[in-house]
Amino acid sequence: MSAKDAPPPLPEPLPVAVADAHTHLDMQNGTVEEALTKAALVGVETVVQVGCDVKGSQWAAETAAAHPNVHAAVALHPNEAPRIVLGDPEGGWSRQGAREGGGDAALDDALAEIDRLAALAHVKAVGETGLDHYRTGPEGKEAQERSFRAHIEIAKRHGKALVIHDREAHDDVLRVLAEEGAPERTVFHCYSGDADMARTCAERGYFMSFAGNVTFKNAQPLRDALAVAPLDLVLVETDAPFLTPAPYRGRPNAPYLIPVTVRAMAAVRGIGEEEMATALAANTARAFDY
Numbered sequence: 146m147s148a149k150d151a152p153p154p155l156p157e158p159l160p161v162a163v164a165d166a167h168t169h170l171d172m173q174n175g176t177v178e179e180a181l182t183k184a185a186l187v188g189v190e191t192v193v194q195v196g197c198d199v200k201g202s203q204w205a206a207e208t209a210a211a212h213p214n215v216h217a218a219v220a221l222h223p224n225e226a227p228r229i230v231l232g233d234p235e236g237g238w239s240r241q242g243a244r245e246g247g248g249d250a251a252l253d254d255a256l257a258e259i260d261r262l263a264a265l266a267h268v269k270a271v272g273e274t275g276l277d278h279y280r281t282g283p284e285g286k287e288a289q290e291r292s293f294r295a296h297i298e299i300a301k302r303h304g305k306a307l308v309i310h311d312r313e314a315h316d317d318v319l320r321v322l323a324e325e326g327a328p329e330r331t332v333f334h335c336y337s338g339d340a341d342m343a344r345t346c347a348e349r350g351y352f353m354s355f356a357g358n359v360t361f362k363n364a365q366p367l368r369d370a371l372a373v374a375p376l377d378l379v380l381v382e383t384d385a386p387f388l389t390p391a392p393y394r395g396r397p398n399a400p401y402l403i404p405v406t407v408r409a410m411a412a413v414r415g416i417g418e419e420e421m422a423t424a425l426a427a428n429t430a431r432a433f434d435y
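Per my numbering, the very first residue in the sequence shown carries number 146; after that it's consecutive.
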């Protein structure tokens, strides 16, 4: 195994236990038990496992049912909805292979399963849903927005948090949330807006979850957003296996690396890591109602 592929070392444990507000254990190496044990060693005692398609959401719900310190979020990722409608044979965030059919009826069937899963007690959120103008072209935007609106309705009906994926779609995401009426608890996963958008999110009471990319050299706009976001609306996440924080960028990410990001966030805020971790722990529990 090359150094580039090797897992980063364990960071120093945090003084206060925190949660990884957004991770994909099904996309990481090793077992769930191994990931949770390693995370607990450094003070990451809770994770939110996020589904991106029907099979991934079912897996998230099953995993949360089996582990009390895992909470599930279920959804069709914004890029999954167009794949379903267009019948893309390459579709499926879980590499499901060929997909039969397609069209609006197929999307309705998938949304019905997300609705069923969202009713489960150990499913704490509906997401990640939202809009992605980076990977989906004009031909998929209608399906993406229809799916987003349906997820908002599901989250509100079941009283669950809504987890937003927003990539190069800030204005449209905020517009749809305003038009539909956002759920009481709405989380912008892997927050990617600037300071002005952070002020808008704060006015609306949306949580902003920061990932390892807040540590990247070119991420000053993210750090500016973190600096102005109300401390009681800030969360931390890995989005593992993606977005590994510096200095380990490019290597596999996992929940146990949360302390690296927490310390970077504390530095941006000009507060101690204990104060930062205490706020993050309380905020995540409040956001996901556990």
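Simulated from the structure, these hints should not be mistaken for laboratory data.
Incorrect hints may appear among the rest.
[Stated by the list, open to error] Heads up, simulated DMTMM-like pairs for lysine to aspartate or glutamate below, C-alpha to C-alpha not over 25 angstroms straight-line:
id	residue 1	residue 2
1	K301	D260
2	K301	E329
3	K183	E420
4	K301	D249
5	K200	E157
6	K301	D369
7	K362	E287
8	K362	D339
9	K362	E418
10	K200	E287
11	K286	E258
12	K286	E313
13	K149	E179
14	K286	D317
15	K301	E325
16	K301	E284
17	K200	E348
18	K286	D339
19	K362	E290
So, going through the hints one by one against the coordinates:
1. K301 to D260: holds, 11 angstroms
2. K301 to E329: holds, 8 angstroms
3. K183 to E420: holds, 23 angstroms
4. K301 to D249: holds, 22 angstroms
5. K200 to E157: Cα-Cα ~35 angstroms, so violated.
6. K301 to D369: At roughly 31 angstroms apart (the allowed maximum being 25 angstroms), D369 and K301 break the hint.
7. K362 to E287: violated, 35 angstroms
8. K362 to D339: holds, 15 angstroms
9. K362 to E418: Roughly 21 angstroms between the alpha carbons, so the hint for K362 and E418 holds.
10. K200 to E287: Between K200 and E287 the Cα gap is close to 23 angstroms, so the pair holds against 25 angstroms.
11. K286 to E258: Between K286 and E258 the Cα gap is close to 22 angstroms, so the pair holds against 25 angstroms.
12. K286 to E313: holds, 13 angstroms
13. K149 to E179: With a Cα-Cα distance of about 21 angstroms, the restraint between K149 and E179 holds, given a limit of 25 angstroms.
14. K286 to D317: Since the Cα atoms of K286 and D317 sit roughly 11 angstroms apart, the hinted pair holds (cutoff 25 angstroms).
15. K301 to E325: Satisfied, since the Cα-Cα distance of roughly 10 angstroms is no more than 25 angstroms.
16. K301 to E284: violated, 28 angstroms
17. K200 to E348: violated, 36 angstroms
18. K286 to D339: Answer holds: K286 to D339 is near 24 angstroms, not above 25 angstroms.
19. K362 to E290: Judged against 25 angstroms, a Cα distance of about 33 angstroms means the pair is violated.
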